[in-house]
Amino acid sequence: AQSVTQLDSQVPVFEEAPVELRCNYSSSVSVYLFWYVQYPNQGLQLLLKYLSGSTLVKGINGFEAEFNKSQTSFHLRKPSVHISDTAEYFCAVGQKGGATNKLIFGTGTLLAVQP
Amino acid sequence: GAGVSQSPRYKVAKRGQDVALRCDPISGHVSLFWYQQALGQGPEFLTYFQNEAQLDKSGLPSDRFFAERPEGSVSTLKIQRTQQEDSAVYLCASSLLVNSYNSPLHFGNGTRLTVT
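If you're matching them up, the sequences are chains A and B in order. Here the first sequence stands for residues 1 to 115, where the numbers follow the numbering used here. Here the second sequence stands for residues 1 to 116, where the numbers follow the numbering used here.
It should be emphasised that the hints constitute simulated quantities derived from the structure, not laboratory data. One or more of the hints may lead you astray.
Unchecked claim - Computed footprint of chain A on chain B, listed as stretches where at least three residues anywhere in the stretch have a Cβ under 8 Å from a Cβ of chain A:
| id | region |
| --- | --- |
| 1 | 40 to 46 |
| 2 | 62 to 72 |
| 3 | 105 to 112 |
Said to hold, decoys possible - Going by beta-carbon spacing under 10 Å, a handful of chain A positions derived as facing chain B:
| id | residue |
| --- | --- |
| 4 | GLN6 |
| 5 | PRO12 |
| 6 | TYR25 |
| 7 | PHE34 |
| 8 | GLN38 |
| 9 | GLN45 |
| 10 | PRO79 |
| 11 | GLY94 |
| 12 | LYS96 |
| 13 | LEU103 |
We put the CB at the ideal spot given by N, CA and C, even for glycine.
Put together the whole structure using the sequences plus the hints.
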């Protein structure tokens, strides 16, 4: 079984400051890793994903994440945030070779960007 | 084109009532998922369809929950004899390919169910 831990339920940050949203996972098998964003009153949107290859993954809106297998982490970073980045961010894992491509989500981190 | 559409957007049910939640996936999408998102939590997997076949229903919390996709397009999630713990946002997602890890997974805006 897999699990995902997002320790920070809320991260306040000032506009134009850098931000890191933490994600750790647990799994007995190899996994794929995802970050989704949920803006108010909107559906979940994929920010980026790691399937294989380079451990540094770049996504939309200037976000990037680095897969660290030894630390079982997939932290999300952005060097300079905007007010419009205010949203809930979810880390998720999927099992490689699983029967269905379901996702296991973390509890989410609310990124609150202040002017 | 249109994205994944879910209806109703909001549903209030009295405890014990049956409800039906509808999902219209993107046309031609093979994979369809249902997730349940309780307040303050991340989405939790309920069930998965590949075309009309329900290949995984391991996440359905009880036999009161039933899902179908009879023609491989529209899907309905039915909850019988609703309980207060069923209150949540129910999300539907679809993907073009069987391997949805490799093709984008499109989520609907969800149906917020409140059981009073």
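Hints and how they fare:
1. 40 to 46: holds (count 6)
2. 62 to 72: Three-residue rule not met by the region 62 to 72 of chain B, so violated; n is 0.
3. 105 to 112: holds (count 6)
4. GLN6: holds, 8 Å
5. PRO12: Given a least distance of 17 Å, the restraint on PRO12 of chain A is violated.
6. TYR25: With Cβ-Cβ at 13 Å, over 10 Å, it is violated.
7. PHE34: Result: holds, 8 Å to nearest chain B Cβ.
8. GLN38: Holds, about 9 Å.
9. GLN45: holds, 7 Å
10. PRO79: Hint violated; PRO79 of chain A Cβ to chain B Cβ min 25 Å, cut 10 Å.
11. GLY94: holds, 5 Å
12. LYS96: Holds, because the Cβ-Cβ distance from LYS96 of chain A to chain B comes to roughly 8 Å (cut-off 10 Å).
13. LEU103: holds, 7 Å
Consistency with the previously given hints fails for numbers 2, 5, 6 and 10, ordered from lowest to highest.
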